[in-house]
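Chemist: So the chains spell out like this:
There are 2 protein chains.
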Amino acid sequence: MSFQLHPQLAKDCIHLGRLDLCRLLLMNDNQFPWFILVPEIPNISEAYQLSKQQRGQLQEESCYLAEQLAQLFDADKMNIAALGNLVPQLHVHHVVRYRADPAWPQPVWGKLSAIPYSIEQIQALRYRLDGQLGNYLKP
Amino acid sequence: MSFQLHPQLAKDCIHLGRLDLCRLLLMNDNQFPWFILVPEIPNISEAYQLSKQQRGQLQEESCYLAEQLAQLFDADKMNIAALGNLVPQLHVHHVVRYRADPAWPQPVWGKLSAIPYSIEQIQALRYRLDGQLGNYLKP
Numbered sequence: 001m002s003f004q005l006h007p008q009l010a011k012d013c014i015h016l017g018r019l020d021l022c023r024l025l026l027m028n029d030n031q032f033p034w035f036i037l038v039p040e041i042p043n044i045s046e047a048y049q050l051s052k053q054q055r056g057q058l059q060e061e062s063c064y065l066a067e068q069l070a071q072l073f074d075a076d077k078m079n080i081a082a083l084g085n086l087v088p089q090l091h092v093h094h095v096v097r098y099r100a101d102p103a104w105p106q107p108v109w110g111k112l113s114a115i116p117y118s119i120e121q122i123q124a125l126r127y128r129l130d131g132q133l134g135n136y137l138k139p
Numbered sequence: 001m002s003f004q005l006h007p008q009l010a011k012d013c014i015h016l017g018r019l020d021l022c023r024l025l026l027m028n029d030n031q032f033p034w035f036i037l038v039p040e041i042p043n044i045s046e047a048y049q050l051s052k053q054q055r056g057q058l059q060e061e062s063c064y065l066a067e068q069l070a071q072l073f074d075a076d077k078m079n080i081a082a083l084g085n086l087v088p089q090l091h092v093h094h095v096v097r098y099r100a101d102p103a104w105p106q107p108v109w110g111k112l113s114a115i116p117y118s119i120e121q122i123q124a125l126r127y128r129l130d131g132q133l134g135n136y137l138k139p
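Protein chains in written order, with my numbering: chain D, 1 to 139; chain P, 1 to 139.
Hints may be right or wrong, so weigh each one.
Repeated chains share a single entry, so a pair holds when one copy, or any two copies, can fit it.
[What the hints assert, rightly or not] Here are the simulated EDC-like pairs of lysine to aspartate or glutamate, each with C-alpha atoms no more than 20 Å apart in a straight line:
id, residue 1, residue 2
1, 52, 67
2, 52, 20
3, 138, 40
4, 11, 29
No lab work stands behind these hints: they were computed from the structure.
Generate coordinates for the entire structure from the input sequences, incorporating the hints supplied.
Modeler: Put into structure tokens, the structure is as follows:
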């Protein structure tokens, strides 16, 4: 059985590209630089269900992404989380947080209604991200 | 400089033991089976600041703990998160979630005031956890 992105993630997010194991999504909410990694392995809801090799790869992709995002967006803190109470397909949030953001110091989930990006904002963000991640990000 | 547990974690949590890299804490809130792993490495606030070997070890300890907790507590979902907006020292939450718990489907942070365990509850929980984790958990 092949991997298929959960329809709720497809609805809420914008496809940015792929790393070796994971699909990289942007949460369509311009209030936070909020990215999601989804390992492209079918029927996984918890990281421990991945093979040891896949778990290690997920950790490396997560740490790489978090470090690059922290640099690119000059984060005060990164919030990294796999929750999945509403969408069981394993997906790992990477949220750039600022002391001045509208949810600080609380987590971002369930606090504010999403404000979608404009086309221009998405293009600008893609351009910045491609510059930061370089060849690491594939279509 | 040696590792010292952040005073807020020391205040909010109960020491359960140690894995190879991490200290295992219990959040002193009997509303959720809520555990925290803290890598015993000084001056770390993000997982990407660990060495590659340490990051891999953290992932393995996190996955092992999450799987054991899911079994022991018959979880509907595990919530795994490194936030750190209030306590910058890297610590990874492992929260057993149920569809009937008082915060579901929202995350647990900032929702409810903690209700401390009784001494008897902590003893019973330690006993169950020792049985599940066996020799993997050191004092």
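Chemist: I want to check one pair: residue 52 and residue 67. Are their C-alpha atoms no more than 20 Å apart within a copy, between two copies, both, or neither?
Modeler: between (23 Å within a copy, 13 Å between copies)
Chemist: Taking 20 Å as the upper bound on the Cα-Cα distance, should residue 138 and residue 40 be classified as within, between, both, or neither?
Modeler: This pair counts as within: shortest intra-copy Cα distance 14 Å, inter-copy 36 Å.
Chemist: How would you label the pair residue 52, residue 20 (within, between, both, or neither) given a Cα cut-off of 20 Å?
Modeler: Classified as both; 15 Å inside a copy, 17 Å across copies.
Chemist: Is the C-alpha distance from residue 11 to residue 29 at most 20 Å within one copy, between copies, in both cases, or in neither?
Modeler: Within one copy only: 12 Å inside a chain, 35 Å across chains, cut-off 20 Å.
Hint compliance for this structure: every hint is met.
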